[in-house]
Structures are given as C-alpha cells and as structure tokens.
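J.: In the numbering used here, the protein residues as written are 1 to 222.
These aren't lab readings, by the way, just hints derived from the structure by calculation. Keep in mind that the hints are not guaranteed to be accurate.
[Claimed, not checked] Subject to a maximum C-alpha distance of 25 Å in a straight line, what follows is the list of computed DSS-like cross-link-like pairs (lysine-lysine): (1) 185 x 175; (2) 175 x 156; (3) 185 x 217; (4) 217 x 156; (5) 156 x 185; (6) 217 x 175.
The model shown is predicted, which means the values in this text are computed figures rather than measured ones.
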Amino acid sequence: MTPKDAPRGSGVLVIGLGRFGAALAATLDRLGREVLAVERSASLVQQWSGRLPLVEADAANPEALEQLGAAEFPVAVVGVGSYLEASVLITGNLVDIGMPQIWAKATSAEHGRILRRIGAHHVVYPEYDAGQRVAHMVSGRMLDYIEMEDGFAIVKMRPPRETQGFTIGQAQVRKRYGVTIIGVKPPGEPFEYATDATRINAGDLLIVSGDTTLLEKFAARP
Numbered sequence: 001m002t003p004k005d006a007p008r009g010s011g012v013l014v015i016g017l018g019r020f021g022a023a024l025a026a027t028l029d030r031l032g033r034e035v036l037a038v039e040r041s042a043s044l045v046q047q048w049s050g051r052l053p054l055v056e057a058d059a060a061n062p063e064a065l066e067q068l069g070a071a072e073f074p075v076a077v078v079g080v081g082s083y084l085e086a087s088v089l090i091t092g093n094l095v096d097i098g099m100p101q102i103w104a105k106a107t108s109a110e111h112g113r114i115l116r117r118i119g120a121h122h123v124v125y126p127e128y129d130a131g132q133r134v135a136h137m138v139s140g141r142m143l144d145y146i147e148m149e150d151g152f153a154i155v156k157m158r159p160p161r162e163t164q165g166f167t168i169g170q171a172q173v174r175k176r177y178g179v180t181i182i183g184v185k186p187p188g189e190p191f192e193y194a195t196d197a198t199r200i201n202a203g204d205l206l207i208v209s210g211d212t213t214l215l216e217k218f219a220a221r222p
C-alpha cells in the first residue's frame, strides 16, 4: 500500500514551532483536536515539552517524515516561513507523500507563488493578514475584521450613534447602508441572530457583513 492509499487519521501535523506554528498547535490542542508538532530546534522542543504532543525532527528530510508517520495525517501545516529553502523542501516532501491538505505559511507574495506551484493547497500570510486587520480596526468602530473573497467581509463593531435605540428594521440598515447585521450581542448576554425587530442599543456589539467599502463607511459613522 502506498502512502497516498494508506488510511489516514483525523489529526493535524504542525511543522515548525515559531510564533505562528506554536499558536496554531496550542489552539488545536486546546480545542481537543489530535495534533502532532514537529520541530528541529532542541531549545523549542524543550520549551514546549509537556505542553504539546511533539517530536524533534527535521521535516526537510523525507526519511524523518516517514519515521514520524506523517502519511497518516490528513492535514499538515507548514509553519516554517523565515527559511525559504526549508519551507519549500518541507512542502515538497508533503506533496510527495500525497498529503490531502497542505497549509503553508508564506512571508511574501513570491514565497506564496512558489509554495502553490509545488503543490500547497492553501497559503497564508500571517503578518500581512494581521496588519490588514489592524488597519481596518484602527480606522473606525471595528473590533474585529475578517475579509473573505471578492471584496466581502464580516466585522465585529460598535453601533453607529444614529442606529442606537432603533430596531434594525426602523434603522433601515440594509437599505441605507448596504450592509447586513447578522448578529447582536447585548452586554452580558450571548449573541443572537438579528431580525428586523432586533433593537440596537449603545452598548451592543454587532456582527455585520457586506462589501468591504460599504462596511468601512458604516463603521466610520459617528
């Protein structure tokens, strides 16, 4: 049976315990997902020993991946970004064993193109994405910002003053601003799905979706 044909488990293989990889692996572990971290630095292995399931190995070596059973995982994340050669070698090794889902960290557009060309299914840019999110948040009432595709985003924000004290239907949010309030969280209460009858108060948090340009305008209103 070849590695590609072999049965796979349900865990996530995280390669590299830098800031990105460590945060990812720790979050997966906290969520109860099966995770195995792989790190070649003895000092990082020592730092995370007892806190995460991990092995000390150089994933740029195909034999090391074979020995740790990488082919049994359905998903791998390459958190190595600073060393381009290592990032490319590790991603290539995962492609060679037929890894169904490969997520890889890139530090530049050129780096990302190389990773996609050799077979990475998803490329992420943590520093760029974080900078973009913060830029949107510091420019208005946004408390969180997630951009999807084709200019569509979902944001968490405080309500503009002109909507406070009105229901969503009364404020005509969709008609006047072109965005959709999909959830409202009053202070101390859970989020609830929004309807036209949902009242917006000053202390509420809103979850709003729509075109990024329209969301920016809505969030920038006093």
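J.: Take the hints in turn and mark each one as holding or not.
T.: Hint check:
1. 185 x 175: Since the Cα atoms of residue 185 and residue 175 sit roughly 22 Å apart, the hinted pair holds (cutoff 25 Å).
2. 175 x 156: Roughly 20 Å separates the two Cα atoms, so the pair holds.
3. 185 x 217: Holds, at roughly 21 Å.
4. 217 x 156: OK: residue 217 and residue 156 at ~14 Å, within 25 Å.
5. 156 x 185: 10 Å, holds
6. 217 x 175: 14 Å, holds
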